[in-house]
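Enquirer: Okay, here's what each chain looks like letter by letter:
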Amino acid sequence: DIQMTQSPSTLSASVGDRVTITCRASESIRGWLAWYRQTPGRAPKLLISDVSNLQSGVPSRFSGSASGTDFTLTISSLQPDDFATYYCQQYSTYPWTFGQGTKVEIK
Amino acid sequence: EVRLLESGGGFVQPGGSLILSCAASGFAFNNYAMSWVRQAPGKGLEWVSVISGSGGNTNYADSVKGRFTISRDNFNSIVSLEMNDLRVDDTAIYYCAKHPYFGGNSYFDDWGQGILVTVSS
Chain X
1 DIQMTQSPST LSASVGDRVT ITCRASESIR GWLAWYRQTP GRAPKLLISD
51 VSNLQSGVPS RFSGSASGTD FTLTISSLQP DDFATYYCQQ YSTYPWTFGQ
101 GTKVEIK
Chain P
108 EVRLLESGGG FVQPGGSLIL SCAASGFAFN NYAMSWVRQA PGKGLEWVSV
158 ISGSGGNTNY ADSVKGRFTI SRDNFNSIVS LEMNDLRVDD TAIYYCAKHP
208 YFGGNSYFDD WGQGILVTVS S
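Top to bottom, those sequences are chains X and P. Mapping of the first sequence onto the working numbering: position 48 corresponds to residue 48, and the numbering continues sequentially without gaps. Converting from the second sequence to the working numbering requires adding 107 to each position, the first position being numbered 1.
It cannot be assumed that every hint is accurate.
[Said to hold, decoys possible] Among chain X residues calculated to face chain P with C-beta under 7 Å, some are:
1) T39
2) A43
3) P44
4) S52
5) F83
6) Y87
7) W96
8) F98
9) G101
Hints in this document: simulated from the structure, not taken from any laboratory. Heads up, the beta-carbon is just placed ideally off N, CA and C, and yes, glycines get one too.
Please model the entire structure based on the sequences and the hints provided.
Expert: Structure representation (structure tokens):
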């Protein structure tokens with residue numbers, strides 16, 4: 001199975017901060033990577049597909065990029081709604097796998 | 108507006124069975140693959156199973172292969188997950204999730220609110 005390793009596991013930040021979350025794949029997944037945001041008690045919500053394709057309705061402060069098997073989610077200016085847990089997911093190869101999650105907390 | 112509404116969860120003893128259903132609306136159901144994704148209490152996300160738009164192709168996580176069966180009723184816009192020989196570690200919130208395409212590898216662009224399955228003696 002392809003392992004997806006996110007870092008950090010927890011991140012403390014303030015409103016307005018620039019935040020970067022990294023996801024490393026254990027082997028090549030080409031561009032088949034998505035990012036989701038999940039708040040407590042709610043279902044995950046798709047933010048970005050295919051590494052950098054921002055979903056309709058998702059604010060432009062979110063962006064995604066890749067370098068080899070390293071993938072990055074950047075939030076340019078953290079907003080109150082962004083305090084949540086973020087997951088990456090590869091859909092290159094079955095079984096599709098998620099990273100373990102990065103919790104963004106209020107500093 | 109896409110709506111996915113799960114039902115059928117609850118409490119079951121180890122070795123027991125449950126059938127989850129997901130009623131879909133707001134889109135042309137038969138044109139899209141559907142998946143089940145689960146989340147154990149306080150843990151991360153785990154993909155469970157996928158079915159293509161026609162129902163002709165399915166795939167499963169190794170952890171459920173041989174015990175769970177995914178199916179769909181395109182006339183009534185329902186996707187189901189039959190779960191047999193349930194284990195304690197199957198305890199989770201189960202989400203129904205829609206794909207943006209008929210089949211093939213893809214992400215999940217809409218999710219249901221989830222339903223809790225508890226396996227315990």
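Enquirer: Now tell me, hint by hint, if it's right for this structure.
Expert: A quick look at each hint next to the structure:
1. T39: 12 Å, violated
2. A43: Since chain P brings a Cβ to about 4 Å from A43 (chain X), closer than 7 Å, the hint holds.
3. P44: This hint holds: P44 (chain X) lies near chain P, its Cβ roughly 6 Å from the closest one there, short of 7 Å.
4. S52: Cβ of S52 (chain X) sits 13 Å from chain P, so the hint is violated.
5. F83: Result: violated, 17 Å to nearest chain P Cβ.
6. Y87: Holds. Min distance 6 Å.
7. W96: 4 Å, holds
8. F98: 4 Å, holds
9. G101: 5 Å, holds
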